[in-house]
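Working from the sequences, and respecting the hints, build out all of it.
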Amino acid sequence: MPLPGDVITILAALFLLFGIPAILFSLIFLYTGYIRYDANRYLEQLETEQGEKSVESGGATETDRTRIESESQRDAEN
Numbered sequence: 001m002p003l004p005g006d007v008i009t010i011l012a013a014l015f016l017l018f019g020i021p022a023i024l025f026s027l028i029f030l031y032t033g034y035i036r037y038d039a040n041r042y043l044e045q046l047e048t049e050q051g052e053k054s055v056e057s058g059g060a061t062e063t064d065r066t067r068i069e070s071e072s073q074r075d076a077e078n
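Sequence positions in the sequence shown follow this note's numbering and run 1 to 78.
Bear in mind the hints are in silico, worked out from the structure with no lab data behind them.
Fair warning: this is a prediction, and the values are worked out from it, not measured in the lab.
Heads up, none of these hints are tricks.
Computed Cβ-Cβ distance ranges for the label pairs, DEER-style:
#1 Arg-74 - Gln-50: 18 to 28 Å
#2 Gln-45 - Ala-76: 33 to 43 Å
#3 Thr-48 - Glu-69: 21 to 31 Å
#4 Arg-74 - Leu-17: 52 to 62 Å
#5 Gly-5 - Glu-44: 53 to 63 Å
#6 Gly-5 - Tyr-31: 31 to 41 Å
#7 Thr-48 - Ser-72: 21 to 31 Å
#8 Glu-69 - Glu-47: 15 to 25 Å
Note that the Cβ used here is the ideal one computed from N, Cα and C, for glycine as well.
Below, the structure is given as structure tokens:
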């Protein structure tokens, strides 16, 4: 397959070969980065709300109590 002699055709072929995949990958990376950022922000918000509920209820949450009890039971068994 011979190479085309027209400069514009060569540039268009190079853009299709390298430019289009670069644009697609950059859009994918931008989108996944935003998802990761949004997920981290949402988790921080949940942790803050859980901490506020824990303070309002006067101590550890039920899941914390359950975890502490199960750890103490494992330690007692050993």
